Structures are given as C-alpha cells and as structure tokens.
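Enquirer: The lines below spell out each chain.
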Amino acid sequence: MFIQQIINGLTLGATYALIALGYTMVYGIIQLINFAHGDIFMIGAFVGVAAVTLFYHNFFLILLAAMLACTVLGVVIERVAYRPLRRANRLNALISAIGVSIFLETFMTVFKGPQAIGFPQVLSNTTYKIGHTEFSNIQLLILLVSILLMIGLQLIVRYTKIGKAMRAASEDYDTASLMGININRVISFTFAIGSALAAAGGVLVGIYFNSVDPYMGVMAGLKAFVAAVLGGIGNIPGAMLGGMILGLAEVFGVAAGFSTYKDAIAFTLLIIILLVRPTGLLGRPLQRKV
Amino acid sequence: MKKVHFLLSVLAVLLIAVLAAGCGGQQAGQSGAGAGAAAGGDTIKIGFMGALTGSEASYGVETLKGMQMAVDDLNKEGGVLGKKLEIIQSDHGSQLSQAAAVVQKMISQNHVVAIVGDPTTGKTKLAAPICQQNKVVLISAGAVGPGVVEIGDYIFRDTLLDSVAAPAVTKYLVNDLGWKKVAIVTSTNNDYSVGLTKIFEKALADNHAQIVDRESIQDGDKDFSAQVTKIKQANPDGIIFPCYYTEGGLFMKEVRRQGMNLKMAGGDGLLSPVLWQLGGQAVEGSMVYTGFAADPANAAPQTKEFIKKYQAANNNKLPDMFSAQGYDAVMLLAKAMKEANSTDPSKFKDTLARTKDYKGVSGNITFLPNREPVKSPVYLLEVKNQQFVIKKVIPTAAPTA
Amino acid sequence: MENWLAGLFNPYFAQVLTMVGIYIIAALGLNLITGLCGQLSFGHAAFLSIGAYTAAILTKNLHLPFIASVLLGGLMAAVFGALLGIPVLRLTGDYLGIATLGFGEIVRVIFTNLKITGGAIGLAAIPRYTNLLNVTVFVVLTVWAMVYLQNSRFGRALAAIREDEIAAGAMGINAMFYKVQAFSLGCFFAGMSGAFYAHLLQYLNPNDFGFARSFDILNFVVLGGLGSIPGTIVGTLVLTLAPEFLRFVAQYRMMIYGALLVLMMIFRPNGLLGGVDFRRTLRRQRQKAAAAGN
Chain A
1 MFIQQIINGL TLGATYALIA LGYTMVYGII QLINFAHGDI FMIGAFVGVA
51 AVTLFYHNFF LILLAAMLAC TVLGVVIERV AYRPLRRANR LNALISAIGV
101 SIFLETFMTV FKGPQAIGFP QVLSNTTYKI GHTEFSNIQL LILLVSILLM
151 IGLQLIVRYT KIGKAMRAAS EDYDTASLMG ININRVISFT FAIGSALAAA
201 GGVLVGIYFN SVDPYMGVMA GLKAFVAAVL GGIGNIPGAM LGGMILGLAE
251 VFGVAAGFST YKDAIAFTLL IIILLVRPTG LLGRPLQRKV
Chain B
1 MKKVHFLLSV LAVLLIAVLA AGCGGQQAGQ SGAGAGAAAG GDTIKIGFMG
51 ALTGSEASYG VETLKGMQMA VDDLNKEGGV LGKKLEIIQS DHGSQLSQAA
101 AVVQKMISQN HVVAIVGDPT TGKTKLAAPI CQQNKVVLIS AGAVGPGVVE
151 IGDYIFRDTL LDSVAAPAVT KYLVNDLGWK KVAIVTSTNN DYSVGLTKIF
201 EKALADNHAQ IVDRESIQDG DKDFSAQVTK IKQANPDGII FPCYYTEGGL
251 FMKEVRRQGM NLKMAGGDGL LSPVLWQLGG QAVEGSMVYT GFAADPANAA
301 PQTKEFIKKY QAANNNKLPD MFSAQGYDAV MLLAKAMKEA NSTDPSKFKD
351 TLARTKDYKG VSGNITFLPN REPVKSPVYL LEVKNQQFVI KKVIPTAAPT
401 A
Chain C
1 MENWLAGLFN PYFAQVLTMV GIYIIAALGL NLITGLCGQL SFGHAAFLSI
51 GAYTAAILTK NLHLPFIASV LLGGLMAAVF GALLGIPVLR LTGDYLGIAT
101 LGFGEIVRVI FTNLKITGGA IGLAAIPRYT NLLNVTVFVV LTVWAMVYLQ
151 NSRFGRALAA IREDEIAAGA MGINAMFYKV QAFSLGCFFA GMSGAFYAHL
201 LQYLNPNDFG FARSFDILNF VVLGGLGSIP GTIVGTLVLT LAPEFLRFVA
251 QYRMMIYGAL LVLMMIFRPN GLLGGVDFRR TLRRQRQKAA AAGN
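Chains as they are written, first to last, in the working numbering: chain A, 1 to 290; chain B, 1 to 401; chain C, 1 to 294.
Just so you know, the hints here were simulated from the structure itself, not pulled from any lab data. Don't take every hint at face value.
[Stated by the list, open to error] Heads up, incomplete: computed chain C residues facing chain A, CB under 10 Å, no partners named:
(1) P87
(2) G102
(3) I110
(4) R253
Since we're looking at a predicted model, the values are computed, not measured. Glycine is no exception: its CB is placed at the ideal position from the N, C-alpha and C atoms.
Isolated chain A (complex conformation):
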C-alpha cells in the first residue's frame, strides 16, 4: 500500500509540476505571480472536453488542441493585461492578473455553468497489478506525459536560441535587452510554453478525476505556485521537484488521517521553506544590492 500511495502522490505531483512550470518561468523573467495561470489550466480542461466531440476520442489530438488553444490564450492575456504594466508598480500587475483570473472564471461559469461536468470517456481504464500495488493506466499516462513534456522543456531551454534568450532574460532583464534580445518575443514565448503545459495538465487532470468545473484552477494554481516556490522560483527543475514533493506530502497527509487539513499542508510547507530557505530547494541565494 505504501508504494500505491507513492504512485498516487507522484501522479498528483506531476499535475502540480505541469502548472508550476508556467508560474516559475514567468516569474523568473518578469517577476510577476501570474494568478491567472491556474485558470489557464482550467480552460485547457474545458477545451479538452469540447475537443472530444471534434476529434473522436483521439487522446493526442485532444491534448494538442487544448495546448494550442491555451498557448494562444496565454499570449493574448500577456499582450493585453500584462505588457502595458511592465514598467509599473509590481502590485498593479498582480491586481491585473487577479482581474484576468476573475474574468476567466466567471466567463466559464456563464458559458458552461458552475457545476462540474464529466470528461467524456477518452481512454479505457485498465489496472495493472505488480505484487500488492495496483495502478491505473491513466496514472501511468499522466506520469509519462508530464515527464516527456518537462524533458522537452529542458531541451528547449538549454539547447535552443530562444531558450538561451529566456535564461538571459531571467538572469538580468535590462542587460539582456541591451544585448539585442527581443524581450517582448521572449516573454510571449515564455507565456506560450507555460500555458501549453498548464493546458496539458488540465486535460490530464480532467481525464483522471473525470470532473471539470470553472473553479478547478483556483486551488490547483495556488498549490502549484507553492510547488514552484518550494523548488526555487525561477528554477525549472525546481518546479518539477517542488510539484512532486507537494503531491507526495498531500497524499501521505491524507493517508495519515489529516484529510481535513489537506490544503494547509501545502501552505505550511510554503511558510517553512520561506523561513528556512526562501529561495527554495534548488534556487540560488538572493543577493540584495543597494
């Protein structure tokens, strides 16, 4: 059963990680906590549901459709709600993000109703047994897809030109633009990838829990943000690590009987890490210059 719970935890953690990556990348470059990111995850799930009728239950097409749709959405949001505020007070961009979040949530509520809807059957559910451990093919799929996407992301960031530009921009924004990097393009690209990953998370979660509702991104987004901070905000492997740790902590907390405190687990971890090591597990120590 222990191993079973580990698998449960890793699966949950993988979904947090997918969302956390978007948060961490955006924060790394423009120091914005994009509160609307969790809602992009939610819209990805809804697009997935809609795509089922279009693509006749072909999982990969559905995933692709959701990722594409949210890529566009993410770039549009950045252009409309964040770019004008790039030079402004940090708090203003934050509140703009909150405004976008509220807008997206209520839009979905008006459009589709506030009740949860089920994700139509896309993948048949088979259970594999190894010894005493049972896990479903969907859990396996979530882990695989997440890991593949994260590896893909690391490849992009490490070995492509735009990835290099992203790293430069997160290192030092102003110098990077002085070096001739088109910062706007880089930021749009960052939002694009982050949103695509969140959308993938949304589709996977929708299939796994078979339930999609306009407010599913709220808690998930917040906890993914905690995961990003845990691993070191701005740090990509950190987001993955943070996500996994958080997923495991939650599942084991529930298994130990603390299910009513489940939400508090994430935030307690957050406060502990902020007090003990604020830059996160894999983050670089902050230098404050005067």
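Go by the hints and put chains B and C onto chain A.
Expert: Leaving out everything else, chains B and C in the frame of chain A:
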C-alpha cells in the same frame, strides 16, 4: 490638473452616493411598511431558499418545481384567504456565505411570511435562527439531519428524518445484504454528512456490524485515491457514503479504478442524476434511501395525481422527494394560514404545528409536539441503467417525541 | 424628496452602507501595512476572521458587551499579526506576500477544523449588534487614527521604510521594529472590522475569509490609491457598491468586474486618488487665493 482630478473624484463619489440612495428610495416606496410582513402588498409572499446553481442545484431546482406546482394549484382555486400566492425566488449558489445574505434579503426586503428551504440540513440550520429572530416561518422540504426544529418554534420540516430512516436501512443492509463489515466515509465540511455518519455508526453498532474503516473527505475534493486505497486494505463488504452526489460519483469511479466491486449506500444527499453523469458505470447498483419515491402503481390518489401532473410538465420524468416535499410544504403553509385565518406567521405557526395526519403527496404527515414530522416508510432506491428504481420499501418506527 | 429620505433608512440600503463602513475599516488597516509601510500582505482577510470569531465567541458564549468584544477581537488579531510578523517580515516583496497568503489559508483550514468555531458548518445565531451608527463612529475613529499616524513620527518612519528599507536602516530606523508594529496595528483594525462583520451577518464561515477576500480588500486599497487615506475610502465605496449596481447584468457582473480591474490598472495605475495630497492641494489653493488677492 490636480484640481480637476480632485473635483472629478468628489463628483464621482457624490454621484455614486446619490444613485445608491435613489435605488434604495424606490424600493422603500414600493414595498411599504417594515417587518411583520402580513400587511404589505396584495399577494402572500413565500420565499424559496435553495441552490439553483452549484453543487446543490439538483435539490433546489426540484424543490422549486414542487413549490411552483402547489402555488399554481392554490391560485387556480382563488388563492389563500382571498389573496394569491407568490414565490420569491433566490439562489444562494450552494454557498454558505450567500445563504445568510439571501435569507435576510427575503425577510427584510421582500417581506415574506414564510420560507421553504433549505433542502440541505446545514443551510437550514443557518437560516433557522435568522427566521426565528425575525418571526418568519421556515419549513424545510429536505433537511433530514438532527438539530433543526430545536432552534425555535417557527421552524418546521416535512421530511423523513435520517434518525428514523437510516437505522431501518442499516438493518436491511446488515441482515438482508450481509454487510457485516463496512467502511464509512464522512465529508467533514458537510453538516448533513457529519450528522448522518453518527446515526449510521450507532445503527451499525445496534445491528452488530463492524466498521472496519473510517475515511474523511471534503465537499469539493476530487482526489480520493488515498482514501480508497485505505478502504481496499480494510476489505469491507460495502461502503456507507452519507455525502453528496458529486463526491459520490467521483468516489465510486476511484473505487472501480482500484479494482474493487464494492457497492455504496447513502442517503438522499446522493439523490441526483449527476450521480451517474459523473460516475458512469461505477455507480450502477449504488443504493440511496429517500423519504419519498414515485411509485405510481402503489401510490395514494393525491400522489398519483401529483406524479401525473409532474410528468406532464417534465418530459415524463418521475418526481423525486424534493419536488414532492416542496409541494407539500407550500400546501401545509396554506392550510395553516386558512385554519388560523391569518397570514401573520406568529399566528399560523401554531396551526401549522398542530398538523395531524395530513395526506400529502409525499406521504402522510403528522407533527409531533416538538414539531418533528412523522412519516413512513423509507424507500431504498438503486441505480439501474442510469435511473433510480425502487429496490425495497422499508417501514420505519416513529421518532421519539 | 421625502421618498429619498425614506430611502436612506431603508434596511437593505442601511445594510449595504454598514458593509461599506466595515470594509473601510479593514481597508484602512491594510493601507497602513501595504500603502504606508510598503509591506505586501495577501492574508488580510485571515485577521478579519480572527477578530470575527473571537468577538462572536465572546458575545455568544461569555455574553460580553459588544464594544468590549470588538476591541478584544481586534486585540486578538493584532497579537496574531505580531506573531506572524516577527518571523515573516524578514522576507521582502513577493515572498512576504505569498507567505501571508499561505498564512491566510492555514488560518482558514484551522478554523474549518476547530470545534469552538463551529468547524466547516460555521458559527450561526450571532446576535445582531452592528448597526450603521456604531460602524460610522468607528469609521470616523479609524480615519482619525490613520491621519494621526500618517503624520506622526511613526508614519514618517514607515514611509521611509517603504521607500528604501536599507537607506532607512542607515538613517537609524529599526526596520523590523516598525514593520511589526505597523503590521500589528493594521491587523488590529482588521480584527475590529471582522467583529463588526460577524455581528452584522450573524453568521461566520471560514470559506468567507479566503484569499479571494484578501484580494478584494487589496483591490479597494490599490484602486483608491496606495497610501492615500481618502483614496482607500473612495476605493472601498466604489468597489463595494459597483457589484450592487451591476446586479442588473447578473451573470456578467463578475466578468465586468474582472475586466474593470485590468482596465483600471492599465489606465489609472496610481488609483483614483493616488498621488493626490489634500493638504497640499488646499495649501496651494490658499496660496493661489492669497496671490490673487494681491
């Protein structure tokens, strides 16, 4: 430039204040005098408290349907005491914080003489003190948990109580279905669930069944993998699930996903088609008990009539306990007003409390001296092919006064 | 004209205004922390809830007089504010914000699990002691306190910390000391505001005080103009009344609200009254009048 900004802002504030005052003014002009409610207007206003959206919408929408049918029937015959009845609708969206505001608004702004609601125990307990303080009658067509009518003498309900139904159902589950070892799941942020769990625990002990695992969830949870894994370890004969339908559907999906064939049994919190919309095949065979189920073949004449009318207006769908009890609630209020010859809640609450052997569409209703309703029997429904069918009709013992 | 006056005393209208007053007190508290002292706090609603529950339990179970409960509620919130502030105010900027956000959620979860607060079901049947009169009195007192603080030595120290904490430290200001005090004070007002809230709605539920509520209050302050006292009042008024006016568009109400927030931030980033200093404006007017006189 600064001066202009300053003046503009002051102007904006004044404008808003005047507009707000204007809005308030109109409403005051229209609705007439303050509390007490009997005086204002020429319709008798009955409030509907429930959810038309959100996770509890299934209960609210059905209750409102029943209420509307009753109001239409009464108004067709000339209304009550010469006045027509009018339902004041509200929607708290399944949110606790909205529920309080909504009740207060109906009382102080719409001047309702009575409120039918809430379909859930938790929110009824929330609304009851407010109604009691403001001397407005509250009658719930769905609250089945303990601790409701004790709140005050303006508080009533016409449901089959969990404290009566659950023990009868438990006896059946243990003796007839052989559920000697059970797992019980509680939703800790759900008043109904917490109360019903206690009733089940006592009933299970009384019937010598063993609770091999206790799990807790929360309304709104989606991930039940940890809890289901633990249930698997405990290897029970069945799962007792005194929670709501959204969690029910998702929970059973997880149960099947982890390879278990166990069935679940719960109360009317599970009574909704969303149960199989979210749960699919996993909820086939799930058992739900209610105080009323449409059984046209064996029903009393007034019930048959009600079922026919409901089906005609609802695409041949059968009514459930929420619509039937909603209908009865309005009828009970009307009867009480007629007998007291007054639409003043302080007067008709007494005649309402004296209701004995009222032949409602949801069953025979008698109020005990403590205002708890006596109803029998309990219907154990089963999900078969995405429908609720009657599995067994179980007689119940009367609640203690 | 009579209708207008009668409108003023309409109970529903009075209730809305009372709510506005309650939020003004809370928002002014947050303005002290975030606007004046520059410390991001995203968990303000938690302190409202601490004050609310404390006061409600005191009046319900111990039958204390209302004002005493309000003050004790505020005090409880202030104590927790200090307890949180001491470890957490070491952090800067965004990190402080998310730490307070986390704290807010933890408080919410704890209240959902405590028996004395009624758990997830909440606390009901709280006596209705709040009315427009006592809220207005407290709003006036709060505004007076804020103006006094802002123009005192304490306020100037806070402003210095906001502008540049390290430089302020170099000037001999013990930043931690002042930050914790400011935070605690801001929480005190939040606690009192919560106490009034509890005795108006007569019902408390932990979910009412999540980060969404914290952000609501933050919006009041930022929209009105960070650091501006009249700005905070105007911001609260506008944002509390706006949804009431938008009720006729029912479903689209919150969509419009969200879009409004974005637009406000883009087109009026300093808030409605940000950067408007009434004393300066009045002084300038007086100067102009004097010059014109000559």
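Enquirer: Give a verdict on every hint.
Expert: Do the hints match the structure? See the list:
1. With a cut of 10 Å, the hint placing P87(C) at the interface with chain A holds, because the nearest CB-to-CB distance is about 6 Å.
2. Taken as an interface hint, G102(C) checks out: its beta carbon lies about 4 Å from the nearest beta carbon of chain A, inside 10 Å.
3. Interface restraint check: I110(C) against chain A, minimum CB-CB distance 7 Å, threshold 10 Å, status holds.
4. Taken as an interface hint, R253(C) checks out: its beta carbon lies about 8 Å from the nearest beta carbon of chain A, inside 10 Å.
In this structure, every one of the numbered hints holds.
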